[in-house]
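**Q** Read off the chains here:
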Amino acid sequence: MTSQASPAPPAQAAPLASRPARLPRWALPLAGAAALAAAYLVFRGTATLPHDDDAAPFQWINDVRAWVDANRNQSPIFLFFVNYVRLFVGGLHDLLHLVLQGPGWTGLTGIAAGLGWLTGGWRIALLAAAGFGSFGILGLWEASVATLALVLTAVLLSLAVGLPLGVWAGLSPRLRRLLTPVLDVMQIMPTFAYLAPMVLFFQIGPASAAIATMIYSIPPAIRITALAVEQVSPAAVEASGSLGATRWQTLRKVQLPMARATIGLAVNQTIMMALSMVVIAALIAAPGLGSDIIRGLTRANVGLMLPAGIAIVVMAIVLDRITMSAAARTPHRTGGRTRWVVHRAVAAALALGGVALGRLLPAEFPAEWVVRFAGPVNEAVTWAKFSWYGVTDAVRNLTTEALLNPLQSVLTGAPWWLVAAAALALAWRTGGPRPAVVAVGCLLATALLGLWQHTMETLTTVLVAVAVTLLIGLLLGVAAARSPRFAALQRPLLDAAQTMPAFVYLLPALALFGATRFTAVFASVIYAVPPVVRLVEDGIRNVSPAVVEAALSCGSTERQLLWKVRLPLARRAILLAANQGIVMTLAMVVVGGLVGAGGLGYDVVSGFSQRTDFGMGFAAGVATVLLGIMLDRITQGADTRASSRTPTPTTDRRNKRKMRTA
Amino acid sequence: MTSSDGAAIEVRGLWKIFGPRAERVLGGPDAGLDPVALREKTGCVAAVRDVSFSVRPGEVFVVMGLSGSGKSTLVRCLTRLIEPTAGEISIGGEDVRAASPARLRDLRRHRVSMVFQHFGLLPHRRVVDNVAYGLEIQGVPRARRHERAQEIISLVGLDGYAEAEPGQLSGGMQQRVGLARALAADPEVLLFDEPFSALDPLIRRDMQAEVMRLHREMGKTMVFITHDLSEALKLGERIAIMRAGEIVQLGTAEELVGAPADDYVADFVRDVPRSGVLSLRWICRPPGAGEPLDGPALPAETIIRDAVPAAMESSRPIRVIGDGEMIGVVDRLDILAALADRPVAAAVPGQRPSPGGAGS
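If you read the sequences in order, they're chains A and B.
Each step along the first sequence adds one to the number in full-length UniProt numbering, with nothing skipped, and position 268 is 268.
Each step along the second sequence adds one to the number in full-length UniProt numbering, with nothing skipped, and position 76 is 76.
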């Protein structure tokens, strides 16, 4: 028996006989839940905070806006900084728009095809040409170019700021530590929250839309670039240094080239984020496809928004494929010089051919080539609504009556301090004291903003959507992990789903269920399920094969293997999935304010449409952020606790408890 | 044991071929190809090739080979953690290859347990629950399985650690937990897949001693996979040496060291100190003319190193007694030569006993 190499045994290794005396693990939460339920029954209806459209914070924000409007051309901050930023961004956007319009529709299509050829060969060239052609066929050429100009503006700005910052963060752990919490918060902020401050500073229009889009799309640019630089093999960096390279030489000749593919991914992700934001930015008068979509959403007119939705998805796919194949391409020239020249020549020929074709064809996209299908689509939607009414209505009513309404009446009817206490207890249990304090602080801040009731309404929708999302995500994830065939079938669907901008999911939801709260739930579920499925599947698949084999060799059945080994060991991945699911669901539920979800999202939307509601809209944007941080802290806490298993805090606690009972 | 010859494990003509259309390779002429050629021609890898052996009840049977020799695949085939391509396996008289999934589970639950190189412990369960896992999935009630687990935990020397989590334990102690888990169901057969390879040398020695102690106390049949020759020689009653999926030699430690079947085995055992493995039988010679035959007598099975004290006490040649008769003598020079690891054969050519006769 070894004693020299083994840690000292826990001093209080209690004999087994004493264990039954310990409280079962579920006793404490159960008691807590019972106490909360009792408190709810006793204090129901007291200390509620009903909504007031003219709450003091709203008025205060309105006053601020009035001051800003009055002093826009006097205050030095505006005169010498904000207005110049606005002019610069607006000018950049106008310039890019002009450049894109210059070659005409054939020319731009040709250039896109040439770019596709350069990065990925004839497949991508064909895809690019077909994609750009389809903008015209959908009757949306002008709008698509406007959107593209806005996306390019935002992406260029994001990369100009994000790439250097990312490289720096990759080299300096201190900057990384500083940036991480900021980026964390930026990424859980629902899109809506960016808009109101933009309007306050930059007024409505393309400039402020581009800036909002830029802010939204910059986190992946910074994050992934930092990761790319950080991940470069330290051996290569060391070798370069040992040969006498300066830090700048090492960066330029070793680190950046080696990080190239991953930085390409950063560009790709930035573009994808920008594409989903430009649509939302239509709320602050961004030009382009977004306005059709927003109009379609607010009027529940599927036929109006479907072509624009398709155009956005097509644009996303084309830009995604071009950037991805550019990132994947090896930097070395293959083949000889002639081949390289031919390669370039073909690309140039494609672009020039497009421009030349423009001389022969009309400058405008020919109207007779445009396919208009708003009418038939609306008819089909009406047909679907009527003929599936029985099913859709039953599903909607069941969810609304059985889940949404009861939960909402509990959350809005309970005293505010009771809800806060429940949040505190939950966050404390999952994450410990610090996340708990942050979570409750955020929750109470929504009350100070005068938006308690609407926050509770949004929270209701989010909770229901998250519950459904996690249920479906777990089922599909487990099924995929167990059956490779099912996983292979599901994977391309998930890939496609994750390329699409968020609000696209509102389309089928709106078509089937009309403008109701349930529509938002449905859309958030289909939006958030793919990443949840993927995380759960990966988590279960990555369970150590050694453990699975050991369990099998003990004679476990498949079911025992799943419940006793795979799911418990995938716990971290599942909690991460829950965290992701919640953040995504919140983002979607807020956007769902456009289609009748009510709550904070609706406040934000009406803040843009009515000047008197600006204060409320602004505050609601802030409240969504607070809600997001609260939910994130509660679930992320659970994640970090699970990760700190190997060190001993939890077991120490357990041992202490045991000492007391022994 | 219902098996005709009373073997605990009986393996006949076992094949495992990984890759596309493995069955076709087996039936055809390609089966005889060497590994590289087979891989090039068919894309298949023959991990286990026509392996046969039997393990006696209570024996410690060691399978030794370098990595990639197919030994880990072989041991997994025994309980069909990896499905064999062809061949017969019987454990305690039960035909493993014909067993239904339920029968197979039953076999794994009650009769054969396995200890793994990387332990395979469940990190989210306490030690006691890890040890009781096998009983838990059999449906043994909580109190009973914990009682049993506690006994086994004491048996493997982990008293006081029942409530710890595996992550808190050192590698050696984690493997004790793995051992305890395997013992908890009281199986007839224990399979060890390189159980101590991940441990540092001192702990490894302790664990080897632990296994030998458990074997003495409980008398289980053990199949032990290792790539460490000294471990094989220390533990194994019989040792099978594998290369490229085949068993190249099967015998006792003495036979392997004294009479390697081919250059591969010879190469393997070259650095083994012979005097610690071989017996006097391997170095004794007929007495020379005029040599005194009244020296001390020792049985032929005495390990050479253990004959040193007798040789030190008397200057006369030692008489080597086998089967009640003197089969030869060994003098101080012979023993010194053996201790110096001079090739035995060079000393007295033509005097080596046949490999089959030794150690049986």
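Hints listed in this document are in silico derivations from the structure and should not be mistaken for laboratory results.
Note that the structure is predicted; figures quoted are calculated from it, not measured.
For every residue, glycine included, the Cβ atom is placed at its ideal position computed from N, Cα and C.
One or more hints might be untrue.
With a cut-off of at most 20 Å between alpha-carbon atoms, the simulated SDA-like pairs for lysine to any residue come out as follows [to be verified]: (1) Lys564/A - Pro29/B; (2) Lys564/A - His215/B; (3) Lys234/B - Pro286/B; (4) Lys564/A - Pro123/B; (5) Lys253/A - Trp168/A; (6) Lys41/B - Ser72/B; (7) Lys564/A - Arg109/B; (8) Lys253/A - Lys234/B; (9) Lys41/B - Pro29/B; (10) Lys385/A - Gly596/A; (11) Lys564/A - Arg105/B; (12) Lys564/A - Lys234/B; (13) Lys564/A - Gly139/B; (14) Lys385/A - Ala374/A; (15) Lys564/A - Val140/B; (16) Lys385/A - Leu512/A; (17) Lys564/A - Pro201/B; (18) Lys564/A - Arg125/B; (19) Lys564/A - Ala102/B.
Part of the chain A face toward chain B, derived, beta carbon under 8 Å [stated by the list, open to error]: (20) Thr382; (21) Gly413; (22) Ala550; (23) Leu552; (24) Gln560.
**Q** Is the straight-line distance between the alpha-carbon of Lys385/A and that of Gly596/A 20 Å or less?
**A** It holds: about 17 Å lies between the C-alpha atoms, which stays within 20 Å.
**Q** Would you mind confirming whether the straight-line C-alpha gap from Lys564/A to Pro123/B stays at or under 20 Å?
**A** Between Lys564/A and Pro123/B the Cα gap is close to 11 Å, so the pair holds against 20 Å.
**Q** Would you mind confirming whether the straight-line C-alpha gap from Lys564/A to Ala102/B stays at or under 20 Å?
**A** Distance ~19 Å between Lys564/A and Ala102/B Cα, so the pair holds.
**Q** Within a Cα-Cα threshold of 20 Å, do Lys385/A and Leu512/A meet the stated pairing?
**A** 6 Å, holds
**Q** Run the distance test for Lys564/A versus Arg125/B: straight-line Cα separation, threshold 20 Å.
**A** 10 Å, holds
**Q** Is Lys564/A close enough to Pro29/B, meaning Cα to Cα at most 20 Å?
**A** With Cα atoms ~46 Å apart, Lys564/A and Pro29/B exceed 20 Å; violated.
**Q** Within a Cα-Cα threshold of 20 Å, do Lys564/A and Arg105/B meet the stated pairing?
**A** Holds. Lys564/A to Arg105/B sits at ~16 Å (cutoff 20 Å).
**Q** Is the Cα-Cα distance between Lys564/A and Arg109/B 20 Å or less?
**A** Distance ~16 Å between Lys564/A and Arg109/B Cα, so the pair holds.
**Q** Taking the least C-beta to C-beta distance, is Leu552/A closer than 8 Å to chain B?
**A** 6 Å, holds
**Q** Next pair to validate is Lys41/B with Ser72/B; report whether the Cα-Cα distance is within 20 Å.
**A** Violated, at about 25 Å.
**Q** Between the alpha carbons of Lys253/A and Lys234/B, is the straight-line distance 20 Å or under?
**A** Violated, at about 55 Å.
**Q** Measure nothing beyond the straight line between the CA atoms of Lys564/A and Pro201/B; if it is 20 Å or shorter, mark the hint as holding.
**A** Status violated; Cα separation ~34 Å.
The structure shown violates the earlier hints numbered 1, 2, 3, 6, 8, 12, 17, 20, 21.
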